[in-house]
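Okay, here's what each chain looks like letter by letter:
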Amino acid sequence: MESACHSYQMLLSAYSDGEASPRERAQVELHLSSCGDCRARVEDLKALAATVSAHLRAQVDEVDFSSFADDVLKRIGPDEPGLVERMRICWAEVMAYHRTAVISSVATAAVTLAIAAPLIWQLATRSAAGQVPQVVLRQMQLENPNIQPVVMDMGDGKTLIMFVDQPAPGAGAATPPVLKATPPTGGDL
Amino acid sequence: MRTKRMNVRSLAALLGIVALLLPAAALAQPTRLEVVVAAVSNDGTQVDAALASLAQSFKRNGLAYTSYKLKHSANLSLSPGKSASIPLGEGEAKVTLVKAGEGGTVTLKLDAPNNAPTFDMTPGGEFIQQVGTIPDGKLFLIIRR
Chain Y
0 MESACHSYQM
10 LLSAYSDGEA
20 SPRERAQVEL
30 HLSSCGDCRA
40 RVEDLKALAA
50 TVSAHLRAQV
60 DEVDFSSFAD
70 DVLKRIGPDE
80 PGLVERMRIC
90 WAEVMAYHRT
100 AVISSVATAA
110 VTLAIAAPLI
120 WQLATRSAAG
130 QVPQVVLRQM
140 QLENPNIQPV
150 VMDMGDGKTL
160 IMFVDQPAPG
170 AGAATPPVLK
180 ATPPTGGDL
Chain F
0 MRTKRMNVRS
10 LAALLGIVAL
20 LLPAAALAQP
30 TRLEVVVAAV
40 SNDGTQVDAA
50 LASLAQSFKR
60 NGLAYTSYKL
70 KHSANLSLSP
80 GKSASIPLGE
90 GEAKVTLVKA
100 GEGGTVTLKL
110 DAPNNAPTFD
120 MTPGGEFIQQ
130 VGTIPDGKLF
140 LIIRR
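Chains as they are written, first to last, in numbering that gives the first Met the number 0: chain Y, 0 to 188; chain F, 0 to 144.
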């Protein structure tokens, strides 16, 4: 198995179940456009999911749920104190027996935060500045409205526009064209 | 004394004009671009040396192609408003430098057979677009700065 395919094994399952995020779906569709093995695997997963679903539906039909709500209510025990009340009691016990430790811990945490926060802020700002895209798509005119463009920021200043003209069987009809560019103000993608 | 003061003023004015014209001169410099046409497919395992980094980048992003063949490569030098044609085997693409902005950003327009994108690119940027289909693969045009 190709290493590229290996890293898509988990995503293929989520993709075939319709549980992949839009970004994951775009990545999988890009990969599927270049890999016949994974296209076949997606078809197998969809067939398996359909079989399991039909089997479970048949099992559920055999179960009598008429007394389900009553059974659940019977199992619920007597009222317990609420979460806030339990936390208040817990806090009171801690303060009664470990007051000094609590105060010194809070003071240490505050000092650490005061020192670390500016450093973390600097690092975050620097890393955000490093992610400024080097290619920004402003406009795109498609000659053929039936093709599916996939725009991907590949990192390292690379932007890829690819046309998935061989979508996974069955996926094309269900999913709209994926267009993941962020045009600047005034862009008219 | 008066002549000396006038000379100093003239020199200052000249320096001021030069300082104003320098950015304009910088913007008027032609922009250098590298264009590459690559046939990427699953037909064989040949990876041309010039496309090794593209192959790695594709692989890292989940594209499982095995063959990367260089079809065309050229260095372009474009001024604002100028175009250059790029042969694609069957047909051609045209890249136009729409404008050169500040900070080295240029706006380019690509007229490819299937798509005509306009995009901004800063130095170090790389734009890759599919410009055709080949047996078991695709034809890509890469524009680098």
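Calculated from the structure, these hints are not laboratory results.
One or more hints might be untrue.
If the Cβ cut is set under 10 Å, some of the chain Y residues that face chain F in the computed set are [what the hints assert, rightly or not]:
1) SER6
2) SER20
3) LEU44
4) SER66
5) MET86
6) PRO132
7) GLU142
We put the beta carbon where it would ideally sit given N, CA and C, even for glycine.
Cross-check of the supplied hints:
1. Evaluation of the SER6 (chain Y) hint against chain F yields a held restraint, the C-beta minimum of about 7 Å falling below 10 Å.
2. Contact between SER20 (chain Y) and chain F, as hinted, is not supported at the beta carbon level, the nearest pair being about 15 Å apart and thus beyond 10 Å.
3. This hint is violated: LEU44 (chain Y) has a C-beta 17 Å from the nearest C-beta of chain F, more than the 10 Å allowed.
4. Annotation: interface hint on SER66 (chain Y) violated; nearest CB of chain F at approximately 50 Å, more than 10 Å.
5. Among the interface hints, the one on MET86 (chain Y) is violated; its C-beta lies about 46 Å from the nearest C-beta in chain F, farther than the 10 Å criterion.
6. The beta carbon of PRO132 (chain Y) comes within 8 Å of a beta carbon in chain F, closer than 10 Å, and the hint placing it at the interface holds.
7. The beta carbon of GLU142 (chain Y) comes within 5 Å of a beta carbon in chain F, closer than 10 Å, and the hint placing it at the interface holds.
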